[in-house]
Amino acid sequence: MPPSGGPGPIHQNAPPGSMPGGPPGGGGSSGRDDSYFTESRKGEVNELRQLLRTFGTERDKQRKREIMKKVIAYMTLGIDVSRLFTEMMLAIETRDLVIKKMVYLFLCNYAETHPDLAQMCTNTLVKDSGNEDPMVRGLALRALCSLRLPQMIEYTSEPLRRSLQDGHAYVRKTGVMGILKMYHLNKEDFDKAAFNDILYDMLRDPDSSVVTNCILVLNEIMADSGGMALNRAVMLHLLNRIHEFSEFGILSVLDLVPRYIPANDEEGFQIMNLLDPVLRTANSGAVVATIRAFLSIADAIGKRPGDARDADSPTVDDLKRQVCVRIKAPLVTLIASGSNELTYVLLKYADQLIDLCPGIFDDEYRQFYVRYSEPTHIKHSKVRLLAKLANPETAPDIVAELGELVADIDETMGRLAVRSMGSIALHDSGGQGAVESIARRLVEMLDLQGIPHVSSEAATALAGLVRRHPGIITVVSAPLPRALRYITEPNGKANVIFLLGEYGESIAEAPYALERVIDSYDNITDDGIKTALLAATVKLFFQRPPEMQRMLGRLMKKATEDVSSQDLHDRALFYYRLLRSSPDPNVAKSITTSKSMSMTTDQFAEEDDSELRAALMNEFNTLCTVYRCKAENFIEEENIVKFVKMPKDHPLPREAIVATVADPGINTIVDQFGDTTIGNTLAAPPSIVCAPPAPVGEVDLLGFGDDVPILSAPQPPGTNSLQSLSLKSNVSITGEEYQSKWSAVSDAEAVVISTPMRSGPTSTDAVEGALGAFNVMTMASGELPAEFKFFLYGVEEDYFGGGYFLIQAVLMKAPSSLTLTIKPCGGDVDPIKRKEKIDQLVELIKSALGEYLH
Amino acid sequence: MVASAIFITDLTGKPLISRNYRGDIPLTSAIDRFASYLNEVEDEMKKPVFHVDSGGEVLNVEDVGCTGAGGETFVYVQHSNLYLCGVTCKNSNIVLMLTYLYQLTSLFQDYFTTLNEESIRDNFVIIYELLDETMDHGLPQSLDSTILRQFITQEGNRMADDSKSKPPVALTNAVSWRAEGIKHKKNEIFLDVVEKLNLLVAANGTVLHSEINGAVKMKSFLSGMPELKLGLNDKLVFEAAGRGGSGGGASSSRAGKSVELEDIKFHQCVRLARFENDRTISFIPPDGEFDLMTYRLDTHVKPLIWVEAVVEPHRGSRIEYMIKTRSQFKSRSVANNVEIIIPVPPDVDSPSFKSSVGNVTYLPDKDCVVWTIKQFHGGREYLMRAHFGLPSISREEADGGSNSKGGGGGGGTDMSWKKPIGVKFEIPYFTVSGIQVRYLKIIERSGYQALPWVRYITANGDYQLRMA
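Protein chains in written order, with the UniProt record's numbering: chain A, 1 to 854; chain B, 1 to 468.
What the hints contain is simulated information worked out from the structure, not anything from laboratory work.
Treat the hints loosely; a few may be bogus.
Stated by the list, open to error - Listed next, the in silico PhoX-like pairs over lysine-lysine satisfying Cα-Cα at most 25 angstroms (straight line):
1. K846(A) to K835(A)
2. K186(B) to K217(B)
3. K196(B) to K354(B)
4. K14(B) to K348(A)
5. K46(B) to K69(A)
6. K366(B) to K354(B)
As the list claims (entries may be wrong) - These stretches of chain A come out as covered by chain B in the derived footprint (C-beta under 8 angstroms, 3 or more residues):
7. 97-106
8. 231-238
9. 384-390
10. 568-582
11. 815-824
Predicted model only: the values in this text are computed from it and were never measured.
A virtual CB, placed ideally from N, CA and C, is assigned to each residue, including glycine.
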């Protein structure tokens, strides 16, 4: 708490009746401390100094404490009492623990601003850290480490080392925390290696609070490599002792679990069973941490498509669903009984879990009904969530409940309720007939004249809905011309105009409704309405030319002369020129009235955040979940702790590969193979871009350009020309081998090639099959929202010891592209030959995937 | 979790006491930002977790990350006239920070009985000690009040008294929640089974949501290190809490007296492994008050106290209410201190009431009528009529009629008084779930006889009936 000049803010709040500036320490009654916070002036600090001078001779313990308290009270107020430093230091020699603590507090507060003076009290602190009372030892050590003075390190290290062997756990645990403080004080000279060894040793300390602090400290000191290094022995040791830990201690262990890769499936299940009781503890932090741990284990041990696991073992998705079912009840309890702040955060978590595992909270939907007494932000979160809980069974109730909220006095709530309704219909999650019944409700809302924001939102929702389910236009069309008259909000109005333009053919009054708007063109201030009006009028012109021609002309004139918006102006000119210059009106018609607005998926493109969601799952139970934002976007880089799964040598990494490199855009995720990130590898400019194999040039010269064998349609292996590479047909390697080979080749040797594709494959199997025909084997593969990912390998058919080629292939879905990262392993030593072979391999893969390429 | 600093302010954001644990953020300016957040952001927009970017701008949740990395996140909870706030500049575990703040609040309450501005001022020295002991370098340590009391006391003169001075053993021994050598003259333990009924009823009378939040609360005054074993009616314990671990779908057997407990949570003293194995609840209790277990039950409970309201507004002249209430529990039981809170429009005047039982009062400052019935026996029905005058021009009239067609409400123009009806009650010697304590065994090495006292009570939780 840095001192601030004048009197602090609190005393102004003191009850007016309390004695202003009463004699400091006077009264001596320990019960009434109000006088500490009364009017104070500069002079009083001097008075305090006088009092402190008598401190040494003062016999009465209570009076001594009163004096101290007064100093601390001033400090709390923000009054600079650092001038009393010298006097306070004299008071440090006391046997009264209460006074001692106050002096320590004073020291810690002002040491940074008075380093010279603080240094003088080091001796006392060092001496105290050898006191016979463990409490004093601990306190002195904590104060010593908290001074935040770099020059103190040399004095501190000795007592610190001693404390780690102290007989009393309180001192040891304070000492462990002291190490962290030293680390932050001077990271360069910090003897990481030495202290890390000690800390790892101390993980075996009989006292759980010491162990807790060791974990916390190691996590921070080793933040660069993702936190405390984990291996099986350490993890199991900690898990086996988990029942010894205090409520908060458990958390330190639980936070390690998501980073740990279980040695095998069995171990993963064992860990989950072991942690299951934690879901019954009252500590909400521990419950949520367990949830994260479970999800992470499920991720590690579940079966993925294409891995060589037992057909019976559950898939990742199955496991995750099971986990979600298990954690549902505890989470709902926390949401229901928790305090508002916690509920707010947990609703965000629930939101993310629903994305992960749609439908899990559906049967608890009543739990998410809005209560009158809840704070606004919780109500809003609940209304948003309700839309995601709709299924054919729950939808009628949910829609009815949302209907109740539409007319709420809170405008945002009304809007959200309408949007949620629209979203249920849009995603068609309400079962048969729900779309239509919701559309009817929304149409009713169009007529809610008194509540402009609701009718506007309803119009917006309907516009989206009609794009997805064109069939419902029959329900919607009738009130549109009417609605156009009294919907006032620009957004809603623009959407009604859009609908009139798009479906005006079947709405008799559409032209006249538009005409009214066109006539009042000069009164429209919103560009969105104008643009929508222009587009709608042009579209409708092609449907009903005789009625529209005149008004289109008027609108064109207005819009081309309108200089308020560049966009509008240009569009108007575009339409004008198109209509005037087009020789065949059908061309213009096909340009303007293409039904490009109809949707084929359930989602608007801008709502698709699957990539972000995958990334957020790794950071579950942190601020990222609350903000729905990746850590690197709002946390300073030096404060980010990378998420690294450990230990590297565990035999399940092939799953982990897919799991951790979920998003090639995240540069912070370290891949399993080395220190560089896959993200970086991919982002790096391709060193060789599709270099054609050398022989091609020759062949071309001879005029056979089109008949180059390796570029022709797929052929069975073996019939390839000599220049082409041929791979062994019967090879298989295990995941471990694959991984060790991959990490054995440095990333610098890897060749990265990317090429655009005409279209993406529909499933991993198709690609695997095509490659398999050329003896390119698949180690693991997986489909991610935005891409397919394959880990491939092949062995060169060569009597002189063929080398391995390890290939990572990423097929982006949209825009389609193929990126290959190839690492040669063994085989030809000659770099030129090696490069040649890689080029051939690339061509081989390209021809195998010919149907997707250009 | 890493908290850079913790501070406590009054409702305007003036700091009362603060502790900067890590020194990685400028605390004074952080407190200033918190104050400006409190004062400048609209109440509606306030959220318990918010981010301030490196330029000092408070960001909406949606905007976080748009203005670049850096800045701090604030997490705060309110308690009476105080805010307790934690600040972090890392990607911290936010539930943990909230848990810490909640526990800190209850710790302070335990120490000072009431936690408010006054008690903070009166006890600032202790608060500094507690802040130091519960958190070191921004990482939470021990927050157990029974243990902390061992060595952080108002007197705290142990060291001056004798030189052998006991260290805080309990802080670090295996039973971290109980110190050794506790002595009581009379060995007693009190057990309260408290159930709160949450209810939400729609305007048309259908029950939208009902659930029971139960707690077994204990007050222990036992000497030594007693081993306790609690037996509940076994049906409940066995059939509850889905044995298979995959709890969700144990919804079949409603036939007998079995009850589905959705979720049971225990105090950390309960041996969870034991419970998982053979469903016994065995524990060494902490000294004093604590919640042994809490549970949630999501069943369709008949609303214990049913309220129907018929409202007849006559615009510009008067508004009449007819309230009918019925108790839907066994006639042996009695609900005490029943309060039925009926919201009324803000501009009513000249109230008059007629009721068959109890007192009715109009509270103009809360815009509601409270009907109090001291003793409400089971299976009874009572009626109350209320009559108010309305001013000839209503407040809303100027705004034009927002006759809420889709809002499901007829009549009233102003939505603000369409709050739900609330009900408060307490029914002693009764639990909605049917949970019962069969036995409480107390075993201590010295072999003393201890007296267990058991009470049951059912009260209202969030009990709301929406008005038509």
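How the hints compare with the structure:
The suggested pairing of K846(A) with K835(A) holds, with an alpha-carbon distance near 16 angstroms, which does not exceed 25 angstroms. The suggested pairing of K186(B) with K217(B) holds, with an alpha-carbon distance near 20 angstroms, which does not exceed 25 angstroms. Distance hint between K196(B) and K354(B) is unfulfilled; the C-alpha atoms sit about 31 angstroms from each other, more than 25 angstroms. Distance hint between K14(B) and K348(A) is unfulfilled; the C-alpha atoms sit about 30 angstroms from each other, more than 25 angstroms.
Proximity of K46(B) to K69(A) is assessed by CA-CA distance (about 36 angstroms); at most 25 angstroms being required, the pair is judged violated. Taking the CA atoms of K366(B) and K354(B), the gap is about 21 angstroms. The hint holds against a cut of 25 angstroms. With a threshold of 8 angstroms between beta carbons, the proposed coverage of the stretch 97-106 of chain A by chain B holds, since 6 of its residues qualify and at least three are required. Coverage of the stretch 231-238 of chain A by chain B is violated. Counting CB-CB distances below 8 angstroms, 0 residues qualify, and the rule asks for three or more.
Counting residues of the stretch 384-390 of chain A whose beta carbon lies closer than 8 angstroms to any beta carbon of chain B gives 0, which falls short of the minimum of three for the stated coverage. Only residues whose C-beta sits within less than 8 angstroms of a C-beta in chain B count toward coverage, and the stretch 568-582 of chain A has 0 of them, not enough to reach three; the restraint is violated. Proximity of the stretch 815-824 of chain A to chain B, defined as three or more residues with a beta carbon under 8 angstroms from a beta carbon of that chain, is not established by the 0 residues found.
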